[in-house]
Amino acid sequence: MLLLLTLLLVPYASVQQTPKGCLLRNELAVKMKNGHNEWRQKVAQAKLDKTIFGDLLGTDSMFVVKYDCSNEGLANAIISNDCKHSDINVTLLGRSENFMTNRVSNLDVNDVKKLEEQFQFAMDEWVDSVTKPLNKDVVYNDVSMAPFAKMIYYKTVSLGCAYTYCKSKIAIACVYGDAPKLGEKLYLPSETGKGCTNAASCEKVVPGAKCEKKVAEEKNLCTTDASQITTTTTTTTTTSTTTTTTPTTTTTTPGETMTQELRDKVITMHNYRRSILARGEVRNGKPGNPNCPTAMNMYKMKYDMSMEEEAKAYASECPLAGSPSSDRLTGENFHLFQGNHTIPFMNAITNAHQSWWSQILKNGVNGQMKYNEYLETKPEAPTSFTQMAWANSYLVGCAVHRCQDVGTVVVCRYSPRGNIYKEYIYNKGPVCGACTNACEDGLCPPPN
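According to mature numbering (1 follows the signal peptide of the UniProt record, and there is no 0), the sequence shown holds residues -15 to -1, 1 to 433 in order.
Wrong hints could be hidden among the right ones.
To be verified - With a straight-line Cα cutoff of 20 Å, these simulated SDA-like cross-link-like pairs (lysine to any residue) come out:
(1) K198 <-> W24
(2) K347 <-> N11
(3) K27 <-> V112
To be verified - If you anchor each label on the Cβ, the simulated ranges turn out as follows:
(4) T362 <-> A423: 35 to 45 Å
(5) M331 <-> K121: 33 to 43 Å
(6) Q353 <-> P401: 18 to 28 Å
(7) D312 <-> T182: 54 to 64 Å
(8) K199 <-> E12: 16 to 26 Å
(9) V89 <-> G270: 23 to 33 Å
(10) A185 <-> T116: 30 to 40 Å
(11) K198 <-> G352: 48 to 58 Å
(12) V89 <-> L314: 45 to 55 Å
(13) V97 <-> T253: 34 to 44 Å
Since the hints were made in silico from the structure, they are not lab data. The model shown is predicted, which means the values in this text are computed figures rather than measured ones. The C-beta atom is built at its ideal place from N, Cα and C for all residues, glycine as well.
Make the full structure from the sequences, and use the hints.
The structure is reproduced here in C-alpha cells:
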C-alpha cells in the first residue's frame, strides 16, 4: 500500500517543483503559481462572484501559467534594495508585472508560512483592483483593474515572482510572460465554457495544446510547452536557455545582422547594470547575502563596431560554447538558445544579457572583488557577470546568429578584456571616486 501511495504521489510532486535555476524558494513559487491558476480556474469555470465581477461566461481555452526563471529574474530586477519599484519597464519586452509593498514588522524571512501569508496578501490586493463588474464580452477597457487583468489574461502562460524585505516593509513583484491589451478580450468566453474538457478547444488557440484533467490545481485548464502565445489562433513561440560545452561547426543561415535598435539595447543593458552595481545595489550571491560594495572606477560603456565584427565572425561559426581565451585578445560572453530558431533577435539579446548578469544573484564573488583562479573554476562560476561588470572594459559589440543545426547564438566581445587573474573586477570605494572629470549614475566617462 505504501508503495502504491508513493507512486500515486510522483506526478503530483513533479508539478509542484519549479524549474531548476530559479531563486525564489520552491514553496513560495508554487504558492504563486497555484494561486494564479486557482483564479484562472474560477474564470474558466464561471465561478467568479457575480456581485463583484459580473455575470460572466466561462471559457474552454484558459491556459495554465507555469513558473519561469526568466520572469523571476525580471521580477527581482523590478524591486530595488529599499523596496521601491526600480526604473525597469518590462512592457518593452512584451511582458507585464504586478507590484505591491506592505508594511510588516519583524518579519522572519526564514519563516515560510509568514512569507506565504505576504504572497497571498499580494494576490488578494491585485484581485481587489476590480471595483466594478466587467462587461459580458470581457473586453479590457478599465485600467484600474490592470492587476487582476494581468493575472487572468488567457494568453499568458508563464510568470515569475520575487520579494525583498526592508526592515519594516516587504515588496513583492510578479512578471508575466504576456500583457493584456486595452480594447481586446481578456479571454475567449463560451456559452458552454466550464473549463476545457478535451484538447480540441485548447488546440484552437495553440496547436498541440492539451487539457489538464488530473492535477487539481490545473484541472480544466489548457497546457502548452510554448512560453508565449503569439496569436489568438495558431502560432506559438518558445525560447530556451540551454548551453553546452563542446564547440563545433554546422550549417548557418546567411544574412543575419545587428540593427541600431539591438546595439542600443546592448548598451542600455550594460550601463544600467553597471550603474546599479557601482552604487552598491546588486546582491552578492544568494538571498540574505550583503550587496556588492560600491565602485570607484566603473566606466560607462560605448558600442564598438570592431567588437561587433569580432563577435559576428565567431557567432557565424555556429559554436556550442564560448571561444578559448587564448584565441583572442578581447573579452567575451556567449549564450546559445539551443534548438531555438525562432526567438526574436531582441529577445535573444535581452535574455542572454539577463542570463549573464543573473549569475551574481546565484553565486557571489569574494568581498575584495578580485578575479582569481578559484572564482573562475568554482561550480557555476559567475564569469559572464564579471566580464559585464569589469570596470576597465568600456567597449562592447555583439552579434546574433541563426544556425540551422544548432539554434540561435549570441556573442559579445569586450575591450579591454576582463576576467584577468589577480586583477580587480572593480576598485571598491566611494562611488565615482576615481573619475577624473565627471560622474553619471555612478559611472565614469570612458576614454575618448
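request  = Please test the hint of 48 to 58 Å on the beta carbon pair from K198 and G352.
outcome  = holds (53 Å)
query = Between D312 and T182, does the beta-carbon spacing fit 54 to 64 Å?
reply = Holds: the Cβ-Cβ distance is about 58 Å, inside 54 to 64 Å.
ask   = Does 45 to 55 Å hold as the CB distance between V89 and L314, or does it fail?
value = Distance hint for V89, L314 holds at roughly 52 Å.
query = Quick one: are M331 and K121 within 33 to 43 Å, going by C-beta?
reply = holds (37 Å)
ask   = Taking 20 Å as the top limit, are the C-alpha atoms of K198 and W24 close enough?
value = holds (17 Å)
20 Å limit on alpha-carbon distance, applied to hinted pair K27 and V112 = Given pair K27, V112 holds - Cα atoms ~12 Å apart, limit 20 Å.
request  = State, for the Cβ atoms of K199 and E12, whether the hinted interval 16 to 26 Å holds or is violated.
outcome  = At 22 Å between Cβs, range holds.
inquiry  = 35 to 45 Å was suggested as the range; check whether the CB atoms of T362 and A423 agree with it.
reply    = For A423 against T362, whose Cβ atoms are near 38 Å apart, the range 35 to 45 Å holds.
request  = Check the following: the C-beta atoms of V89 and G270 are separated by a distance inside 23 to 33 Å.
outcome  = holds (25 Å)
inquiry  = Looking only at beta-carbon atoms, does the pair Q353, P401 fall within the given range of 18 to 28 Å?
reply    = About 20 Å separates the Cβ atoms of Q353 and P401, which means 18 to 28 Å holds.
inquiry  = Looking only at beta-carbon atoms, does the pair A185, T116 fall within the given range of 30 to 40 Å?
reply    = For A185 and T116 the Cβ distance comes to about 36 Å; the hint holds.
query = Does the hinted range 34 to 44 Å hold for V97 and T253 at CB?
reply = Given about 37 Å between the Cβ atoms, the range holds.
Checked against the numbered hints above, the structure violates none of them.
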